[in-house]
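Please build the complex by placing chains Z and E on the supplied structure of chain Y, with the hints as guidance.
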Amino acid sequence: MSVLELHNVEARYGPVQALHGVSLNVGDGELVAVLGANGAGKTTTLRAISGTVRRSGDVVFAGRKLPRRPDATARAGIAHVPEGRGTFSELSVWENLRLGAYARRANVKQEAQRVYKFFPRLEDRRDQQAGTLSGGEQQMLALGRAMMARPKLLLLDEPSLGLAPIVVNQIFEALARMKTDDGMSVLVVEQNANLALAHAARAYVLEVGNVVVEGTSDELRANESVRKSYLGY
Amino acid sequence: MRAKLWLELTGFALLTLIVAALPRFVSDFRARELAIVGMYFIALLGLSILTGYSGQISLGHGAFMAIGGYTTAILSVDGIYGHQIRDLWTIPIAGVIAGLAGLLVGVPALRLSGLYLALITFGIAVSFPQLPKKFDHFLGGTTGKILNLAEPPYGLHTTTNNWIYYLTWGIALVLLLAAWLLVRGKAGRALQAIRDSEVAAASSGISLARYKTLAFGISAFYAGVAGSLYAIANAYVNPDVFPIILSVYLVVGLAVGGLDSLVGLIAGAGLIYFLQNHADTVARWINHVPALNLDPKQPGIPSMVFGVVLIVVMLLLPTGAGGLMRRVFGPLTSRLYTRS
Amino acid sequence: MLLYAFTWTEFAQQLAAGIREGAIYAGLALALVIIYRSTRVINFAQGEMATFTTFIAWSLMNHGLSFWTAFPVVLVIAFAGGVAIERVLIRPVENAPVLTIVIITLGLALLLNGLMSVIWGGANRQFNGPFSTRTIDVGSVPISVQDIGIVAVSVGLVVLLALFFRFTKLGLALRAAAVNPESSRLAGIRVGWMLALGWGIAAVLGAVAGMMIAPVVFLDPNMMQTILLYAFAAAVLGGLDSPIGAVVGGILLGVTITLLGRYVGFIGSTLKLPAALLLILVLLLVRPGGLFGRVAVRRV
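Chains as they are written, first to last, in my numbering: chain Y, -8 to 224; chain Z, 38 to 377; chain E, 3 to 302.
Next comes chain Y alone, as it looks inside the complex (with noise of 0.2 Å):
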């Protein structure tokens, strides 16, 4: 059962082509990756799916048509982790959580608590400006909006840029006990391919807005083509 399935996704921005037709679906409960070089397009596709940027091509989400704009995917239950984290800076640590149940009818003192405990370096900070936060707090900070808001689909951008392994780590557990505690379906972006490969169950391979490869994990670590430009062996 497919909890997202794109059919043949076109993105522009402004006169020039992004995305060329990209088809790919995530499973119920799975955690699919997109790997590419940059340029490839793979932020674009988390784009187009949340309705950031302007797409033509249908976006499937739990059986219905996605509508186009990022507040209404928001409020379909989808949540997008941007890259560069999305933070209000301006505002605390503890309204950014806040924030991030804004689409639900949550008891938001109780959601915040499940975030610290994952994180409880953000409770230590809870009434800190965010934007004063570390790299990886702020990463940190994301997630737990996130999870505030429960979704039934994370889109993921890079989450281990610029992190340190420990910190990186610390996420994909969160994300592996968000699945199976709310049955949360996950499509990650990432550069990392070797850290990905470890913790997805499929993958896409995008290049210039077009898919090249798609499998299992096991089968992309033996692709002998994905081994040598993605993985480094």
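Treat the hints with caution; some may be incorrect.
Now the stretches of chain E that chain Z is said to cover, found in silico as 3 or more residues with beta-carbon under 8 Å [what the hints assert, rightly or not]:
hint: 1; stretch: 119 to 129
hint: 2; stretch: 233 to 241
hint: 3; stretch: 276 to 285
Hint data in this document are derived by calculation from the structure and do not stem from the laboratory. Even for Gly, the Cβ is constructed at its ideal location relative to N, Cα and C.
Below, chains Z and E without anything else, positioned relative to chain Y:
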């Protein structure tokens, strides 16, 4: 690129022809009106260099026009040591003095950005009309100063209004050429770089201070020339000739004309003039709509008309007349040099 | 040129008057800042919108309503008007250059000003405020009840707003939309409606300011023009993106102008505004972001 250059030069030649020929087809009074449009055009040219190209907002350029106007008045009436100066020769002097004032303002302006600068320049616009009242001995107070009526120079057989028209538009065309050269040249590119990103510009070695103050000075020079011409045409100056609202009108004209389209500014200048002096015409025009029954003379109607026109124009043409021209002519010129 | 005939009693009274002036500027400055924070636009029509709603209040009172009955009605009308203006005039051009939107607000100001003249005529009129003009003794200084009332209402409104922004979900969403519209959308916030809400709140602030000042200065279509200018100056003084700055700036400016006007003869009443702007200029040279504003640090 060469094609674009030829297009611009042809356009300029065309404009010159139109300007030269127009008085033959319009009444004497119209010529005077067109002359005043020309003066606004000159002021807008300067403002365009400042706001359109270097990105600094000024809500005080009416003050620079006033400096130009008053300089001309003082020099031609009181003169220097009693020696009156012919109104014609005061024009460049007025421009230079206004330009110096602009440089002076440009220095502290370096520290201010965007709307902070807008406020301070607006403060200048507001304060200026008070000065003649405070220094009334020199500046003539509320009654102002009266100049000699403008006369065409010896040998030229034409009416006063036509003379003013040719004088104004002659200067306007020269200044347009100068602005065009400036914008195409090194200075223009520097200014555009500054407008787009000050950090990037500075890192490329562009001296922010020099170019931004220069932009202020040049724009003030243009405004001063415009003010000087206005004083000559009016034959008097007083605080009401350069009111606070003038600075606002200039910015309005700039926005309507399109920030960096030099020729679109003619539309902006026309709009300023038209709405200031012919709001009642527009009201009478609107009266033709059956449901409405507006009395054009009623106070408040001209403001309403002006307001509605501004709103409608900006809603329809968010990038001003220049933006419209770019949309219309842009595809033309790009086709000229991409040959696909 | 400087101080003459100084008494502490008069000083206290001038101070009170200055605070009262400042409270009015603060209200309008806050309105300007709220709109500026979310849209980067200075709403030049803020003053005329305020005067317009005050005229509506006058008409209602003319038809028999008491001030405090008309008050909430006018606030609702003001709110609806603000929302409508944002949706109809600003929304279509939200991606246009800032200057374009500013011109639209200027056009709106002219339109409203003219409309007021047409509907109500340009003559001054008396506006019966809710506070009596008698004085009570604070310490040994006679202070006008009206001044106290104006400050109380203005401050009360600001406090209410602060609570709204700080502690309610909607207030948080409004703040979020102002500082980071992209992320706000991803959180499910309808940013467009948040902007409209901001305009509505700003209109309410303006309406209150108008109804508070009208008993003091007489009601006519041009009532708020100078006040808007002072409010703009106060907002800049406090830092254009700081609501606290707007309030503090307003009160500071009100007090400074009143005291300067009274005690510095050269300035008198004609040069109050230029003097204030000069002081603000000096401040901006030292602190380019205003008192509480943030200016992105760029070392070049």
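Against the structure, the hints come out as follows:
no. : hint       : result
1   : 119 to 129 : holds (count 3)
2   : 233 to 241 : holds (count 3)
3   : 276 to 285 : holds (count 5)
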